[in-house]
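Got chain A sorted already, so can you dock chain B onto it with the hints?
Taken in order, these protein sequences are the chains called A and B.
The working numbering numbers the first residue of the first sequence as -17 and each following residue consecutively.
The working numbering numbers the first residue of the second sequence as 267 and each following residue consecutively.
Just so you know, not all the hints are guaranteed correct.
[Stated by the list, open to error] Here chain A is said to cover these stretches of chain B; the calculated rule only asks that three of the stretch's residues, wherever they fall, bring their Cβ under 8 Å from a Cβ of chain A:
no., stretch
1, 297 to 304
2, 312 to 319
3, 331 to 342
4, 388 to 396
5, 404 to 411
6, 431 to 445
[To be verified] Interface residues of chain A toward chain B, partial, derived using beta-carbon atoms under 8 Å:
no., residue
7, Met(-17)
8, Phe(-9)
9, Leu5
10, Leu6
11, Leu17
12, Asn22
13, Ser24
14, Ala30
15, Val48
16, Ser52
Keep in mind the hints are simulated off the structure, nothing from the lab.
Glycine residues also receive a C-beta, built at the ideal position from the N, C-alpha and C atoms.
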Amino acid sequence: MVTLGDYLFVSGLLFTIGFAGVLLRRNLIIIFMSLELMLNASNLSLVAFSRFRVDSLGVPNYHAQVFVFSSSPWPRPKWPSGWPSSSRSTARAGRPMSRTSAV
Amino acid sequence: MLRHSFVIGKPGLAFGRVTGHSSFVILIMTPFFFWTASALMLIFGAAVIVNRNPVASALSLVVSFLGLATLFVSLDAFFIGIIQVLVYAGAVMVLFLFIIMLLDLRAEERRRINLVAFIGGGAVALTFAAQLFAVIGHLRSAKQPFPPLAANRPDDVHGIGLLLFERYNLPFQIIGVLILVATIGVIVLSKRQLR
Chain A
-17 MVTLGDYLFV
-7 SGLLFTIGFA
3 GVLLRRNLII
13 IFMSLELMLN
23 ASNLSLVAFS
33 RFRVDSLGVP
43 NYHAQVFVFS
53 SSPWPRPKWP
63 SGWPSSSRST
73 ARAGRPMSRT
83 SAV
Chain B
267 MLRHSFVIGK
277 PGLAFGRVTG
287 HSSFVILIMT
297 PFFFWTASAL
307 MLIFGAAVIV
317 NRNPVASALS
327 LVVSFLGLAT
337 LFVSLDAFFI
347 GIIQVLVYAG
357 AVMVLFLFII
367 MLLDLRAEER
377 RRINLVAFIG
387 GGAVALTFAA
397 QLFAVIGHLR
407 SAKQPFPPLA
417 ANRPDDVHGI
427 GLLLFERYNL
437 PFQIIGVLIL
447 VATIGVIVLS
457 KRQLR
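Just chain A, with the same shape it has in the complex (with noise of 0.2 Å):
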């Protein structure tokens, strides 16, 4: 079984050559790719504290996930289809959340 603490350690380890790059090499593009290196693994462990707090309706926490994502381009979000919770603000904002909802 996989546990948060493998998660952990796997972040922890790639964190870890990250920060050997920084200090131990002089080219600037080693230097910028091990900063990448770092950046990923502090984005794996936010994911896995994400997948670890799991709320009551038993969805994962997303505010990590959105940390994860403002470190990225970002694409045009897709419209969700059949969720029936949340949907109150969406619903007072006038989206076509009615037709499905009913799913």
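Just chain B, lined up with the frame of chain A:
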């Protein structure tokens, strides 16, 4: 015929509904696949900083990020995993442009390693890793398995999108302004170089 296939299709549906996972995620959540993807990610991550040729480093970075995307998918974060693959394909293209423009495809010449700096840097990194693993070892919730997810939860695109455009709307726009500033900075810097 139709009825038969309907009866056959039923247990699979019930199975997916009980566990809340697709069969793909069940396959990938096994420890073997987890450790395989982790080893892929870590070995090629180490190859990034060990390689002397920057092009080889960039290619190792791609493989490392593919392993990381596999780990994201094993954590049911499909959207983040796909974004990881798509975005870093583009980012690595930019890296290749950097390498070709700045380094002129020259491999780094072999210089003498400064032994004191090497040992010092390695000691700092190892100390950092030791502290990190001590903290993880004392974390009580690190030994618990992941709680199950609801089968009828929304797509993670739905959850992330609602959160991003409602609660985090202001930070989202601030990041947009930040990227605009970076774009203007690139133009200003390149113009100054031309003059």
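These are the hints, each one checked on the structure:
Check on the stretch 297 to 304 of chain B: 3 of its residues sit with their Cβ under 8 Å from a Cβ of chain A, so the three-residue criterion for coverage holds. Using a Cβ-Cβ cut-off of 8 Å, 3 residues of the stretch 312 to 319 of chain B lie near chain A, which meets the minimum of three, so the contact claim holds. Only residues whose beta carbon comes within less than 8 Å of a beta carbon in chain A count, and the stretch 331 to 342 of chain B has 7; three or more means the coverage holds. Residues of the stretch 388 to 396 of chain B lying with their CB closer than 8 Å to a CB of chain A number 6, which satisfies the three-residue condition for coverage.
Counting residues of the stretch 404 to 411 of chain B whose beta carbon lies closer than 8 Å to any beta carbon of chain A gives 6, which reaches the threshold of three, so the coverage claim holds. Given a C-beta distance limit of less than 8 Å, the hint that chain A covers the stretch 431 to 445 of chain B holds, as 6 residues qualify and 3 suffice. A cut of 8 Å between beta carbons decides the hint on A/Met(-17): the least distance to chain B is about 5 Å, and the hint holds. At a threshold of 8 Å, the smallest CB-CB gap from A/Phe(-9) to chain B is about 6 Å, leaving the interface hint in force.
For A/Leu5, the interface hint holds, the least distance from its beta-carbon to any beta-carbon of chain B being 4 Å, beneath 8 Å. Look at A/Leu6: its Cβ gets to within about 5 Å of chain B, closer than 8 Å, so that hint holds up. Annotation: A/Leu17 was flagged as interfacial toward chain B, and the flag is violated, the nearest CB pair being 11 Å apart, outside 8 Å. With 8 Å as the threshold, the beta carbon of A/Asn22 comes within range of chain B, its nearest partner Cβ sitting at about 6 Å, so the hint holds.
With a least beta-carbon distance of about 11 Å to chain B, the hint placing A/Ser24 at the interface is violated under the 8 Å criterion. The closest approach between the C-beta of A/Ala30 and any C-beta of chain B is roughly 6 Å, which is under the 8 Å cut-off, so the hint is satisfied. Given the 8 Å rule on beta carbons, the hint for A/Val48 holds: about 5 Å separates it from the nearest Cβ of chain B. Residue-level restraint check for A/Ser52 holds (minimum Cβ-Cβ distance to chain B is 6 Å; threshold 8 Å).
Violated hints, in rising order: 11 and 13; the structure is consistent with all others.
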